[in-house]
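*Asks:* Chain X: place on chain P using the hints.
These are the residues of each chain, in order.
Number of protein chains: 2
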Amino acid sequence: MKRMKATIAYDGSGFAGYQIQLKTRTVQLELLRALKELHKGEPVEVVASGRTDSGVHATGQVIHFDTPFSMPTDSWVRALNVRLPQDIQVYNIEQADADFHARYHAKGKIYRYKWNRGKLINPFSRNHLVHVPQQIDVGRMEKAAQAFIGTHDFSSFCAANTNVVDKVRTIWRIDFEEHGEELHMVIEGSGFLYNMVRIIAGTLLEVGLNRREPEELADIIAACDRDAAGKTAAAHGLYLEKVHY
Amino acid sequence: MKRMKATIAYDGSGFAGYQIQLKTRTVQLELLRALKELHKGEPVEVVASGRTDSGVHATGQVIHFDTPFSMPTDSWVRALNVRLPQDIQVYNIEQADADFHARYHAKGKIYRYKWNRGKLINPFSRNHLVHVPQQIDVGRMEKAAQAFIGTHDFSSFCAANTNVVDKVRTIWRIDFEEHGEELHMVIEGSGFLYNMVRIIAGTLLEVGLNRREPEELADIIAACDRDAAGKTAAAHGLYLEKVHY
Numbered sequence: 286m287k288r289m290k291a292t293i294a295y296d297g298s299g300f301a302g303y304q305i306q307l308k309t310r311t312v313q314l315e316l317l318r319a320l321k322e323l324h325k326g327e328p329v330e331v332v333a334s335g336r337t338d339s340g341v342h343a344t345g346q347v348i349h350f351d352t353p354f355s356m357p358t359d360s361w362v363r364a365l366n367v368r369l370p371q372d373i374q375v376y377n378i379e380q381a382d383a384d385f386h387a388r389y390h391a392k393g394k395i396y397r398y399k400w401n402r403g404k405l406i407n408p409f410s411r412n413h414l415v416h417v418p419q420q421i422d423v424g425r426m427e428k429a430a431q432a433f434i435g436t437h438d439f440s441s442f443c444a445a446n447t448n449v450v451d452k453v454r455t456i457w458r459i460d461f462e463e464h465g466e467e468l469h470m471v472i473e474g475s476g477f478l479y480n481m482v483r484i485i486a487g488t489l490l491e492v493g494l495n496r497r498e499p500e501e502l503a504d505i506i507a508a509c510d511r512d513a514a515g516k517t518a519a520a521h522g523l524y525l526e527k528v529h530y
Numbered sequence: 286m287k288r289m290k291a292t293i294a295y296d297g298s299g300f301a302g303y304q305i306q307l308k309t310r311t312v313q314l315e316l317l318r319a320l321k322e323l324h325k326g327e328p329v330e331v332v333a334s335g336r337t338d339s340g341v342h343a344t345g346q347v348i349h350f351d352t353p354f355s356m357p358t359d360s361w362v363r364a365l366n367v368r369l370p371q372d373i374q375v376y377n378i379e380q381a382d383a384d385f386h387a388r389y390h391a392k393g394k395i396y397r398y399k400w401n402r403g404k405l406i407n408p409f410s411r412n413h414l415v416h417v418p419q420q421i422d423v424g425r426m427e428k429a430a431q432a433f434i435g436t437h438d439f440s441s442f443c444a445a446n447t448n449v450v451d452k453v454r455t456i457w458r459i460d461f462e463e464h465g466e467e468l469h470m471v472i473e474g475s476g477f478l479y480n481m482v483r484i485i486a487g488t489l490l491e492v493g494l495n496r497r498e499p500e501e502l503a504d505i506i507a508a509c510d511r512d513a514a515g516k517t518a519a520a521h522g523l524y525l526e527k528v529h530y
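Top to bottom, those sequences are chains P and X. Heads up: the first sequence begins at 286 in this note's numbering, then just goes up one per residue. Heads up: the second sequence begins at 286 in this note's numbering, then just goes up one per residue.
Treat the hints with care, as some may be off.
Any copy will do: because identical chains look the same in the list, a pair fits if it lies in one copy or spans two.
[Claimed, not checked] With a straight-line cut-off of 20 Å between C-alpha atoms, the simulated SDA-like cross-links for lysine to any residue are:
#1 Lys404 with Val362
#2 Lys527 with His413
#3 Lys452 with Tyr479
#4 Lys404 with Ala364
#5 Lys404 with Ser360
#6 Lys404 with Thr358
#7 Lys404 with Asn366
#8 Lys404 with Pro370
#9 Lys404 with Gln371
#10 Lys290 with Arg388
Bear in mind the hints are in silico, worked out from the structure with no lab data behind them. Computed from a predicted model, the values in this text were never measured in an experiment.
So here's chain P without its partners, still in its complex pose (with noise of 0.2 Å):
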């Protein structure tokens, strides 16, 4: 058997999120389908680097799965895409270590959120830009930013309802990038939380509205608390970039 790693995109709009769940459409479905068609009816498992929610994206999701076969990289491409929806696209794949691990070695990601600051709705990109038409500063936004990079427990910007007991992460960089109508902050760190990258664009996006000072983001993490926090930003915004190992 060899154990072989993947990177994925998927349009998160038609799916229940990344999980296998009963009676919904998940992305976990979707690659177990066509994993196991590829493999003449043989079940084959499936570990990625960490669930996403529903409505959300990946540009780079990564997983891993053991196969008997040998193909070169097209041909894998190839036979996989074929057999999963358009929504769900493998971009490359590749023959890793025997214990490597999609989930357990990943050393740290990268999310982008996207807003719309467009006056109006785009049809276009209704399910894949939050819009905002209201004026945005930026510069206060990458101001508040500051007071999440390094090691914090992030219990203020965790879900209420985890069941994870060490709520310590490390964020590398938050950027935020301007593209015409388009708003987009890229963050960078060990690991996430449930809903924390959702829950820091909230926040930044209430302070970039004027609705919150820069200077209370310390405060806010400070609190250990989910309600010092802002809203948590809508779940089309989201993408899962990439993944270190």
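*Replies:* Relative to the frame of chain P, chain X by itself:
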């Protein structure tokens, strides 16, 4: 009563075309529903510059309707957009002459056809670009496109199942634009027959893929026979971009 002229955009992915039909979701159905709601239950008729097929998009479709209401443009845009689904949005609206007619007064139209030349399908644009991973020779397409310019009988480029008798139309320009992996064909003319842009796009693509010669186009037009032309390109690459009045 005032006659209003509105410019709208829609993502064709979720619609069975523009025109109202029994038991399917169409653009016209959503427009009528939103206008009726705004007019407190009174039905309002809507006339578009023309129909678009199932899956075809619009960035500049034009409609007209009559109303007793007076509002500034911004209020009209807001009042309609909050009542419309996010895959249809009104971009502009203004009072027109009392006899303005979105269909009969159209003097010409611009359509855009979009291909994705990337090696792999992009899950995020799967419904908005047609994937052609093969090498496309754009220079050959540009050369072949010249045969269309001017006034011709376009019977070879009209779906066979049409009632239209006069198939003479004038094409003013066909331009190709390359935006990274995207290839766009922009076509502007006095009017277009049923499926005409898609058959032109499909035939020119065959030239770009070296399956036809640019010199064949004049004969294909002269044949006045649908079977002489190439395949009808997929609906989801097509955008109605502008209507001239």
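*Asks:* Name the hints, by number, that the structure is in violation of.
*Replies:* none
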